Structure formats: structure tokens, C-alpha cells
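S.K.: One-letter residues, chain by chain:
Protein chains: 2
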Amino acid sequence: MGFTPRRFLGVKPSKALLLLPFLLTFLLVGSQGESNAMDNVSTERLAEESHRQDSANLLIFIMLLTLTILTIWLFKHRRFRFLHETGLAMIYGLLVGVILRFGIHVPQNMSDVILSCAVNASPATLLVNVSGRFYEYTLKGEVSRGKGLQVQDDEMLRKVTFDPEVFFNILLPPIIFHAGYSLKRRHFFRNIGSILAYAFMGTVISCFVIGLIMYGFVSFMKVVGQLGGDFFFTDCLLFGAIISATDPVTVLAIFNELKVDVDLYALLFGESVLNDAVAIILSSVLLRLEKQGGQGAGAVRSPGDDGPVWAEGGEEWLVENQTWTPRSIAAYQPAGDNSHSFEAMAMLKSFGIFLGVFSGSFALGVATGVMTALVTKFTKLRDFPLLETALFFLMSWSTFLLAEACGFTGVVAVLFCGITQAHYTFNNLSPDSQDRTKQLFELLNFLAENFIFSYMGLTLFSFQSHVFNPMFIVGAFVAVFLGRAANIYPLSFLLNLGRKNKIGYNFQHVMMFAGLRGAMTFALSIRDTATYARQMMFSTTLLIVFFTVWVCGGGTTPMLTFMSIPVGVDANQDNSSSTMLDGSQRRNTKHESAWPFKIWYNFDHNYLKPLLTHSGPPLTATLPTCCGPLARCLTSPQAYENEGRLHDDDSDFILNDASVSSMFADVTISTDASGSHTVNRSSTTGGGPSDEGLDHELALAEHEVAIRGTRLVLDDPAEPPTTVTLPPPPSPPRSEPRRHRL
Amino acid sequence: MGFTPRRFLGVKPSKALLLLPFLLTFLLVGSQGESNAMDNVSTERLAEESHRQDSANLLIFIMLLTLTILTIWLFKHRRFRFLHETGLAMIYGLLVGVILRFGIHVPQNMSDVILSCAVNASPATLLVNVSGRFYEYTLKGEVSRGKGLQVQDDEMLRKVTFDPEVFFNILLPPIIFHAGYSLKRRHFFRNIGSILAYAFMGTVISCFVIGLIMYGFVSFMKVVGQLGGDFFFTDCLLFGAIISATDPVTVLAIFNELKVDVDLYALLFGESVLNDAVAIILSSVLLRLEKQGGQGAGAVRSPGDDGPVWAEGGEEWLVENQTWTPRSIAAYQPAGDNSHSFEAMAMLKSFGIFLGVFSGSFALGVATGVMTALVTKFTKLRDFPLLETALFFLMSWSTFLLAEACGFTGVVAVLFCGITQAHYTFNNLSPDSQDRTKQLFELLNFLAENFIFSYMGLTLFSFQSHVFNPMFIVGAFVAVFLGRAANIYPLSFLLNLGRKNKIGYNFQHVMMFAGLRGAMTFALSIRDTATYARQMMFSTTLLIVFFTVWVCGGGTTPMLTFMSIPVGVDANQDNSSSTMLDGSQRRNTKHESAWPFKIWYNFDHNYLKPLLTHSGPPLTATLPTCCGPLARCLTSPQAYENEGRLHDDDSDFILNDASVSSMFADVTISTDASGSHTVNRSSTTGGGPSDEGLDHELALAEHEVAIRGTRLVLDDPAEPPTTVTLPPPPSPPRSEPRRHRL
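Those protein sequences? They're chains D and P, same order as listed. So for the first sequence, this note's numbering puts the first residue at 92; every next one is plus one. So for the second sequence, this note's numbering puts the first residue at 92; every next one is plus one.
Derived by calculation from the structure, the hints in this document are not laboratory data. Note that this is a predicted model, so its numbers are computed, not measured. Check each hint, because a few of them may be wrong.
Each pair may be met inside one copy or between any two copies, as identical chains are not told apart.
Claimed, not checked - In silico DSSO-like links for lysine-lysine, alpha-carbon gap of 27 Å or less:
1) K471 - K167
2) K167 - K350
3) K350 - K471
Whenever a hint applies, use it, and build me the whole structure from the sequences.
M.R.: Next comes the structure, spelled out in C-alpha cells:
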């Protein structure tokens, strides 16, 4: 996941961080090149000098991360919980930003003479004839109007500014993949309906509520005369989409450490993961829409503009961080006569695009996940963990690339690929590879996350085109608050109508409070900072991220106490959750999972699992007899083994409809003596730092289910316990039971 | 190690693979921009299209690697040994190259009109005034003279061509670090003298022999009229330096699998690792020298040139793969009057630069390694393996960046950092982190290596400026053969004069045969392909790599049989090695390690180890009494523990001079009953696929030394064996004995 096409292929004419952008003379009529040799030598020296400078700049980040790691260790060591590592990374980033901004002044050593040559367009590639030889130049981006002639003492700051696409193509994929790969699938699936509601409907609601509120504020600002540039309605909606992506990484880390209720955890985690996917696609759809000229409706113009919009905005348009120019130049076209086309067609169209991109990315991610499962099942690659891990890594990465190549969203595809891999492929891997892949993605996730957060801190000072508008900021904070509220409370009310296992008010308040904004919001907002509106959005987003991560993140523990949500709950003792939910009746939870899920579960257990993994019942037993040869060919020997063992005990592992529903819902069934004992004992070992607990929990959940599944069929109390056929309880995490997964 | 500054900071104006280089109109006098909106939209669409294309191209490589992995698995499964995975990767690369070259024709959809504007220089950055807005352009490279006007149907091939710096900055560092990190230190240090001789003197000899032979060939070619461009003496030397970097990865993999003699393994491995460092620095010194105008001496000019050299060469100079233009443009300046300055000053100067760069890189690598050791020792980071692994990774990466920032060679610094990390830091890591770091770098190494080799195969067809000159190729093969011979045989003769443990003729022949050329040679030769000479060198290098990897790599097993070198030797039964060495007398090997090594060993064991790790004797015991408080402060509690345990047994772990030399040399001492039994038993588990065996061996070697160290002092045969104080033998790899490392 680490690399991405553009970076890696050396593809993009991005920020000229390597070659010191000494803006050189560009004469219209060429004189003959007797000064070439001299020029070349000095160019080379500059390039070398610049390469060193770059290395030094990247070193700053490495040192920042190192410092963060050491301080995290100190905090963990001392059990400080009020500040999460990401908040810490931001603080360090801020400090370094201050130092770079105010402490260091790089002396000027470049010629800043500019003679400009007027051409009719800005092509991507320029061929310059220098006294008979041709040189190819690539477009780097537009520079601000006044900047060319002014002295640049912001060299250092420009140098520590990354290409925004780096965030999307390098840093986000491992984070998202890890989220999918480490999903607690059992609790996730139990609450899937609510999660989907929060993630899809909630995000769309939040996006529109925030967009409308911001439009109100912006209109008011225009009246007051506080607006320094254009701000369209689509900009407001875009802001809503960007700011709706929640990232409660801080909160979840604390939840994990304090062992807060699993359902609350599942709701928050699931929402935030799917949330990101929705926000990405929403914002890219809005961008696409805008670029096709749909932004005319309701444009809040700054006073006195009538020309093409892109020429507006005056001298303050410092287009600093915008590398991906061709896209963003196109963002503003003359606001023509299609002013009212937004409401009708555009809405429908954008919905279509949304569905298309989402389902495409989903299908692609699942498809590659399934392919990896098949490959790892039918080859005996598990004898060579290195090869297996490499294959797993490459296939996951290729999902991202394939999605991008097909025009879908790579990040979303990677999310579903991660979930599929965890559900199927993981079972086929050797124990060694299971550890390796988990650790690899854990590390990548850790590095990428802390990098983004420390970069965020740095950006507050290093970004040179901040537009801090107090009114807009106040408006944004209000809008974010109301948007989150409009997401959580009404949806919870509606969900509680259908849900037997109610979501209590204390849960709702915590979910409201835990709507932090993080890496995804930042990446979305830094993607395009070409215009006044985008710059204002970016600056405001940065402040919102800071506030939520520090205040909401830091206040999680007090909040939990205040809301009287018990901590230290055993993640596997499921009946504990029901005691906290208002008015839930244990018996009724049986019907929590709707019939589509029962059908899906049966299908998954009877056909997909046996087809894609070594576990489950053999296909020869589940498929009709006519498919016999095919079934024999596709079933792995282990499956027969499983079946044989179960038949010896006169039990039938193939679950009927009733047992399925109880497996999803009936939470008390596992509290018989031997089962709960096993779970309790092992879970004490799994309560370590953040993500390890998660993995443990996954493994334990399966174990529990396996035991329960066997017990369900043999419900005659006179019979002896049949758990003897299953592997012995004391060694759950790294042995065979992993394969018997739900 | 994965990322590097330029790529990562989005730094370099590299190949315009993102924006389809539709070579657009470039008018001298600008017309006003009414067509801007149209232009921008089409530019944007092109850019998006191109992004997809890029993803697809990178997908080709991922698929290539996936295919390679699956085939490797098949080969390992069936125990085919005649073709190593790298050879396989090359074959797949070749096939894809053929398909891309001859199978796919991308339709033309770009405008190829060029109107050129003559300017007086080729600045790194160009500011173009497009109807009032400024666009920044960065230099991409010079294009061939005729190419601008001709139709480009080689788009696809250009797209799969990487920036050469990617190899140096992204792909090589993990390979080199892994080499250092997985070095078998005991056998390495036992043969350190010979290894240094082969690596330093041998590489320099080889470089000059090859350079001289090639100069002869080139001069002859000029007479015959076979030379199509210039070829200077420094080019010949550069070729010698490039082609002298051996990379016996194939051979060593087979050695590992067949369990060939450890000394032979150590010699080959050590030579090839240090070799790379020498070749890098040699070639960069030569390049620097050349660029400063020292190439005048003995220039073999093509007929009829008298102007500035860079303007020569005619139409066939297709400067395709040259991105890093400012450097390579400067490579050829007018060959002025400093024609005879090479021999005297330049030689001395280059030697000075060589020493400076080498020692600087060495010091830097060691320094960061030591720093990591100190950090991991004095923090209790080992409680959090994830943090520990992340820190380790970041510190190792920062070595590379720091070296580049200081103007040293990052790859060399990373090598010594790896060795230092393995020697000190590794002991301080938690067992979990030890596994994680090893697995991480193993994976990175595997991916990078296979990527480079498959790219090599691809390059044979995708690179568009090949110059295959039959005479030059024949000459190069002869020169490579003779250069290797001039390295191995005379040096072995000289070394055998001083070595008691002689290097037999069969060993010499195998070393001669195992001089494969691989990743490093390729990276060095693709770094600069600007001129006719460099292109010829590159094409020839490619052929040499193919030949050596396939023929020499494939012929390793027959060669071993032919040379009657026994296979299946237990790596830890050291006496086996002495039986194979001509005329070695076991008693005399005691003095094999020279006195500097004894001093070093004592210093390392008494001061450095206790200071930097948790093992070794406490500093309070080894430092003079006046340093008492300091010593107490620096010694870790574990060290006292170790001391206490050893004192209980009346043994003294602090080794005197005699025991040190026997530890280095006396190979039979461990063949007492309990010791060899332990080792034998465990080593059978360690004889798996390539690198795992290596790690096992390292762990076992330590174990053995620990046992032996105790035995040495208690050499009274009447006493009972004292190994009871050491952890029980059956669990060597993951327990305490790791810390008692030599």
C-alpha cells in the first residue's frame, strides 16, 4: 500500500522542491549560448545543494516522528491518557512549524529576475529551443501574480510542504486498509444496520446540514462585507462533505484501553470507517460536478465581479500548495447561464455517480480480496511465509492501483479489500504470515497516521495562504456541532424504533462527542487549495481538527465518567452490553439481525467459506449432488477433516436458520461454564495496548462461536460436553481454531 | 528505508509520465486567452486519463512480481535449483518487455505541433506568462533533436521507464540495509582481513584492469571505425567501477540451501557487500572528476570533432532516460587544455575524495546505529514492540537521509548502520521487535530485489536508446573475466601467505565463478545514460548481468560438484571447514586474527557492549574506579544480573586475551558432547529457505559462544558441566541467550 503510481513512477511535475526555484531569465529572442557551460555547472551545483536540503527537510519529519514515538512511550509508561499520540504529534508539528516560520531565515542566493514571455495557453509540456537544442519542461503549477517579482524568503517553508496527492496516494491507503483488516467483524456485523445508517444517511445529512448552515453564514458575511472572495453553494456542500468524515482514532484508542462497551465501540468504529468512504466519494462527486459548471446556482460573489470567475480575487490569491494545477484551474469557469441546473439534473446525476463509484470500488475491493483468498487456498504458498506475505501485500496494493486505473476510488476499494482479506484470506495464511501481515500493516498505519498528524501541526505555520476569517470559523464550529447532532440524534431515534437492542442516550451523547476530525478530513481539504474559498475552508478545517483532537480527544475519559458508561468491561462478555442499553429485553434481541443477513450468513457459511478458505463444511455436503465433481475439486482436504471430526460426535456443524439467528443475537448462550471460562481467562492476556487487543478479541470471538456452535446442536443437557473435539481452550490465539471462523 | 527524500517530498521534475507529453504549441507572441477554459478542461481530462494509465502501468509491475512469486513458489515446491527467483524475475520482465514493445500500440491522441522559442539557456525553472497568469515549468530533460517533430508511438515504453534515481533512493537502501543487518557476524569477523582485501584492493584492481582493457578495445574500435561517439578514458574507468560491483545473491541463496562451507560463504558475502560500497564511491568520484573537466586525457574521439564535446554525436543521441538533466548536461564540457592533468593531481584528489566519502559515510552509519542502541537501551521502549519497531525503522531511514544531507553516500552509511544495529541495537530490542524488524527488512529486501530484476528484464526492450556494439560487448566480457581473475587469484595468493587458514584453489575458482553482477551494477549504470558512451555501457552491462545471473547463477550447483566442494555441511560444525582448506593446521589458526582485532574485541566486549546494550560485564567492573558513578549510571540492571549469575559459578565471563583469540580461531573447542549436541539439534530446524537459516545460524552461533565461553574458564574435566546456569538448550532462538552475543 505504501507506494502509489504517481510518486513511484516519478510521474508528476510536482512542487519544485528539488531544484531551487530560482526564477530565471526567460528571454523572447534567444542569444547564442556561450554561457551554457557556466550555467550548467552552477545548475548542477544548485541541484546537488538542493538535494541535500531536501534530505535535511525530510530529516526534520523523521526526527519529529522519533520524538513523538519517544514521548508516546513516556506517556504510555506513565499512563497519561489525556493526550493521545496523534494530539502529541500535532503539538510537535506546531512547535517545529513555529521554529521554521520565525526562527530560521535561509539567506537568498538565487537570482530573482524574471522576464516573462506571453503565450496563449499553459500546456502540460513545453518544448524550449535553447540555441538549437530542445529542452522539455513540465508544468509545475500556477504561481501567484505578485510573487514572481517579490523576494522569496519562504523557501524553507515551501520546501516542507508536500504535494497533497501524497496524502491520498501514499499515506491514506495503509491507514484505511488497516482499519478494514483489523475490523472486529462480529460486533460490526451485529450492528451493521445501524452502522450503515449512520455512515451513509448520517454523512449525507451532516454534509447537507453543514452546507446549508455555512451557506447561511457566508451569505451573511457577504452582506456584512466580510467575504474577500467568491464562495459558491457547492463550496459550502464540499465543506460539508469534507468535514463530515469522522476519525475517532483518539477516542477508540482510549476505548480500547479502558475496555468500554463493545457495541459502542463497534458503532463508532464502523461508522467512522465507512464514513470516510462516503465522504471521499461525496466530495469528489461535488468537485466533478462543480468543474462541469454546475456551481452557478447561488454563487455568493464578492462585490464587484462580472468577468470570468477564475480571473477574480485580486492579489491575495496565493496559489501556493496547488500542484495539481490542470484540475484546479478548471474548477472555476465563467458562471454562465446554467444557473438553475443544479437542483434538478445535477442532484440526480451526482447521486448516480455516487452509486456508481461506490459500488464499483466496493466490487473491485471484494473481487481482489476473493482472488487473493483463492490463490492462497489453492497454492501451497503457506510453506513459505515470506512469499505469502509479499503476495498478500502486492495484491492489496494492486487493489488500490486497479481501482485508480478503472476510475474508481482506490481508498474505498482498499477498505473493502481489507475487510474481505480479513474474512477469507486471513484464514488461509500460515500463522507466521498472519502475524507478519498484521504487524506490517500495523506499522504502516502507525507511521502514516503520526506523519499526517505531525504534518497537520506543521501546516498551521508552514502553509502560506491561510485565510482565517473569524466569522467563518465560528460558523463552521456551529455547523459542525449541529451537523453531528442532526446525524446522531434523529437517526438514533429512528434506529431505536426498529432496534430491540436500543442505543441509549448516554451512548448517543458519547457518539456525538466522539465525532473527531482527523487524517481524512485533512487530506480532503488540502487536496485543492487553489481559490479563496478553498483556502478559507482549509484553514478552518485545520482549526476544527485541532480542537476536536485536543479537546474532545482529551476529554474522552471525563466524558465517559460523566455519562456513567462503565469501563473495564470484558469485551467478550456480551451480556454486559445489554445491561447498559435502555429498555432492552434480552430475549428480543434474537430478531436484531434482519432476514437478509441470515440469508447472507447461510450463503457465506455454506458456500463462500468452503470455496475460499480451508474452513467450513465441505462443498460436497452443501452443493446439490449434480455439482459433485466440481465440489470435490474445490473443497480442500481440511474441510473433509473438519466434517469427519464433527460427524464422529454425531453433531452437525451446518447451521440451520434458527441457530444462525441465535448466533448473531442470543448473547447469553455462551455463558455456560466451560465456554465463558475459556473466554474470560484468555481475554486478560489480550488487554494490552491498542490494536493488539483488537486482534486478540477477534480470535477469541471465533473461538467462542465455535464452541457455541457445537453446543447449540447438542442441546440435550444429559450428554457430556463435546468440546473435546475442538482444540484445547488454553491456547486460543495462534493455533488451529483460527480457521474455524465465522 | 522505503521512501526517499526526493520522491517523497514530490521533489523532482522527473519524467512527465503523468501528463501526457503532448508537445504543445509554444508561441513567441502571446494571443489573449479566450480559449483557456476549453484548454483547461481538456488538460484536466488528459491528466485524469494519464493518472489511470500510470496506475495501469504500475499494475503491470505488480502483476509481474505476483507472477514471479507464484513461480518461485512452484520452483521451491518442486526443488528446482537451476534458476533463482531473480533470474526468473528477469525472464518475466523480458517477456513483458517484448509484449510492450511489439504487441501494444497506443493510438495517437495528442497534438504534436511544436513551435519553438529560442532562449539563451536552459534554466531549471521557467516562468511562463500566459495572458497575465504565471505558470512555473520545471526542466525535464533534453530531448533528441529530431524527436520533437516525429510521431511518438513509444509512449507506452516511455511510461514504464522509471527515474533512475528511484533505484538509488528507494530500492537499493533496503537491500543494502538487509545485507548489513543479516550479516553472519562471527564468520564475517573471522575473515575480515581477507574480505577487506578482496573488497577494497580487489575492487580497485578490477576497476583499473577492466578500465585499461576497455580502453584498449575502444582505441582499437576507433581505428577500425566501429565507434559511433566519444569514449574517454574516464568512461572506461567508470565502466570498470560500475561492473566491479558483484552481487552473488543467486549464488548465496544456493549456498544457503545446500549448506556450503561457512568460510566460503562469509568471504563471498562480505566481499560483495563491501564491494558495493567501494563501487558506488569509486564511480561517483569518477563522475565528479569527469564533470570537473578531467576527462581530457586520452579521449577517444569519434572522427571529425573539434567543437565542444557536448554538441557532438549527431542525431543518434536520443536522451531518453535522462531526467536528472542538470547533472548530466554538465558532464561534457569543452575538452580544454587540462588534457594531462589526470595522471597527477586528479588521481591523488580522487583518492582523497574516496577516503573522505567512505570514512564519512562509515562514521555516520555507525553513529546513528550507536544512537539507536543508546535510545533503545535507556528507554523502556521494549514494552511496546510497535513503537520500538517504528523507532528502529525511522532511525535506520534517517541514516540514509542524514548521509545524503551531509553529502556522503546514503547507501554506504545504511550498510554500516545495518551492521551496527545488528551488533548492538538488536540485543536491546524485545523478542517481538527482533522478529518484526527482521521480517520487515526481509520483506522490503525481497520486494526491492525482485522488482529490480524484473525491471532489468523489461529494460532490455523498453529502453529506447540501446547501443549494442558487438566488439564492445565482446571486449567487456573479456575484461570482466580478466578483471575478476586479477582480483581473486593474485589477492588469494598474497592472502594465503599471511593466512594460516588457506583459501584453497577450489574456493578461488568458485569465487571467480560467483562474481555475478546484479542490482547495484544495474543501478549504477542506469544512473546516467545521457551520452553515446554511457548508453553503450548500459546496454553492455545489461547483457553481462543477464549472462552472469543465468549462466553463472544456474551453474552454481554443477560448479560446486565439479570443484568437489562438499555440500550439506553443518554451518556450526566449524571444524569441517578446516578439512577443506589446503594445508591448514588447526593449532595455527589461533593466530589468524591479528592483534588489532584482539584489542578491538576486548574494547568492544568490556566497554562498548556494556555501554550500548544490556549484555556484557557491568561497566563498574571494567572501568577504573575513578569513573565509578558514571559507570553505575550507564550500566543496566541486567548486566549486574549476568555478572552475579556468573560469579555464583566461580566463572569469569570477562575474557582474557588468550580466550579471545581462541574464540575467534579455535574451531574445535566446541565439539564437546553437550555443546555440539545442542547445536546440531537446533540447526536442523534452521535449515529452511534462504534467510531464515541465516538468522537461526546467528542465534545459534551466539549460543555456542556462550557455552564455549563458560567452558573455557572451567577447563578442569573433573568438574561437572556448568551449562546449567545457561538457559536450557532446546529453546535457543527466542530466549535470553540472544543477549550474550559476541
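S.K.: Measure nothing new, just compare the shortest in-copy and cross-copy C-alpha distances for K350 and K471 to 27 Å and report within, between, both or neither.
M.R.: For K350 and K471, the Cα distance is within 27 Å only across copies (24 Å; inside one copy 39 Å).
S.K.: At 27 Å max between alpha carbons, let me know whether K471 reaches K167 within a copy, between copies, both or neither.
M.R.: between (41 Å within a copy, 11 Å between copies)
S.K.: Given identical chains, is K167 near K350, meaning Cα to Cα at most 27 Å, within a copy, between copies, both, or neither?
M.R.: within (16 Å within a copy, 45 Å between copies)
Violated hints for the displayed structure: none, as all numbered hints are satisfied.
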